[in-house]
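Since the structure of chain A is already known, use the hints to place chain B on it.
So the sequences go chain by chain: A and B. With our numbering, letter number 18 in the first sequence gets 19, and the count goes up by one each step, no holes. With our numbering, letter number 112 in the second sequence gets 113, and the count goes up by one each step, no holes.
If you are wondering where the hints come from, they were derived from the structure by calculation, not from laboratory data. As the structure is a computational prediction, the values presented were derived from the model and not from experiment. Every residue gets a Cβ at the ideal spot worked out from N, C-alpha and C, and that includes glycine. Among the hints, a few may not be true.
To be verified - Here's a subset of chain A near chain B, in silico, CB distances under 10 Å, partners left out:
1) Met-16
2) Leu-52
3) Thr-92
4) Val-260
5) Gly-283
Letter by letter, the chains look like this.
Protein chains: 2
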Amino acid sequence: MKLSELGEFGLIARMAAMARAGEGVICGIGDDCAVIESGRPGHALLVTTDLLVEGIHFDRVTTSARLLGRKALAASLSDVAAMGGVARAFTVNLAAPRDLSVDWVDALYAGMAERAQWSGTSLVGGDTSSSPAAIFLSLTLLGACPVDEVVYRRGARPGDAIFLTGRPGESAAGLALLQAEKGGRALPGPRSDGEKAEREHLTGRHLDPEPRMTAGRRLAAAKRATAMIDVSDGVAADLGHILERSDVGARVDAPSIPVSDALRAAGSALGLDPLRLALAGGEDYELLFTADPGLHATDLSRAIDLPVSRIGTITAEPGLRILDHDGRPLDLLRSGFEHFRM
Amino acid sequence: MKLSELGEFGLIARMAAMARAGEGVICGIGDDCAVIESGRPGHALLVTTDLLVEGIHFDRVTTSARLLGRKALAASLSDVAAMGGVARAFTVNLAAPRDLSVDWVDALYAGMAERAQWSGTSLVGGDTSSSPAAIFLSLTLLGACPVDEVVYRRGARPGDAIFLTGRPGESAAGLALLQAEKGGRALPGPRSDGEKAEREHLTGRHLDPEPRMTAGRRLAAAKRATAMIDVSDGVAADLGHILERSDVGARVDAPSIPVSDALRAAGSALGLDPLRLALAGGEDYELLFTADPGLHATDLSRAIDLPVSRIGTITAEPGLRILDHDGRPLDLLRSGFEHFRM
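Pulled out of the complex, with its shape left as it was, chain A reads as follows (with noise of 0.2 Å):
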């Protein structure tokens, strides 16, 4: 059997069954980090990992080596940010072909200096190589949290509302945008400074994301959160990892996903639905999260910073239904973004 068969998840499932759950191992293999004795009373260690790929995971044409650099550690720190801790010290491991320029990865580096001075995190390591095609960066980040306040994917219980920061599908909008630009598609309009300035905003969050920290670490301090996931493969996929790990299901009620006027001005130009967009997106990086059906919406913001809707309800049947004003399910929608059956 070749991997274009298995697909990714099928590989990440695999490695999990050989990954032994040692001595000092609180959480391996199957949550946004692992979760390791930390040698300090009550404190844990958080690990996360990341591969970005030229050519699959970002385009040299669409982002430059700056964003780049932000974005890659952005995407470690919203892990860190999805189970409530705090950002420490990261690797980064870069193989990149000889005719590379030395500018090029100055720029890389400096963007990566950027958000760990934004995130206070320190590079601590890294290797280098040559490669025979394509960039290929690794980052490792570590970082803390208290042992009874890290917020895993399987805490999900029936009746638990289900919120979410944020306006999902941006960055996916964001990406269509460039690369109708890249393909050199002309699009209809912007017809206003307003419009693209909307238009930046939507490339913005997938250039240059800003993983939720503050709200990640607040939502663990004070215990809100019974489960909780970064939303990098989508909103319908990231709660699909939660509803596997807490084994229930949940519905979804599709009118209460917050869908931004940019994302539905974007969604008209490029003809894509944006409520596919805002369900399917990938790469927004903000958190979903559920918690006792008693809190609110308003109140959650406020002790966040940050929009926070609530979308759904965990239910013991299993499965995720996502229903339209009328109640009617929606159409299943692609599920998560596989690399290996891309």
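Okay, now just chain B, sitting in the frame of chain A:
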């Protein structure tokens, strides 16, 4: 400027310059591991990361996936050993072509799992992606060590003796044998079963090195080593790293370099100078350390259960001088193995 003009060490130096020695970082880039505060008073966390690229660091013709998995983790374990630490947990990122077989990947993970069990470490996370060309493997390993027992590259003092475990050059000879075989080059011999076994020993030293975990830990716990490094780039190059970091020089007595019979025989068959292989060959994963000149190699050997040779002396005068049996300086050896200049 292109990366190929800068070279690997130049690139790492640029990265190090951008790394901020932030809060909680005891030692950042520039040693075998980064050393950071673990949160537990008096105890440090060690972090090391390695990148392996097909066609540069390994060859699917001469190594099996299982041995590659064993060696990949062994190389990182060796970095923790060289700091005096105990290995704890690791993450693995893998980018692989879509048509790679699942069996190959399973064998890779199985090899890593073997070395993980051997060393008492746990695989706690990983990411996967397809690759447009070649296999990329990135490992990050965490270890632990009491802060006051960590052994750095920077601690060598003039007058210290230089010690080395094992028999260097055997891995390089093993690699040369494998390359000769792959290239269809006929070598003289082996003329006996003994010589055949010797060659298998050498290729085994290259394909399946054993990191010196217990020895490194014992040397650190006994506070015997003033500086330490593992031999990955070669004895001369790695001693050079100690000298640079410690701001000292060294005199190495070439006749004291332990050249094994197996290495001598293979050198003769390959037409390569065994002493040159012993000084410049890489990937032996032995430990090179400096210590009080009053210590005897035989006592150290008994303490750490490995052959130990005393190969020279640290000098206040900078530079590395390698002297032959008449006390004449040997030609400068090619130093290091820089990936962008290959």
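Under the constraints set out in the numbered hints, which ones does this structure not fulfil? 4, 5
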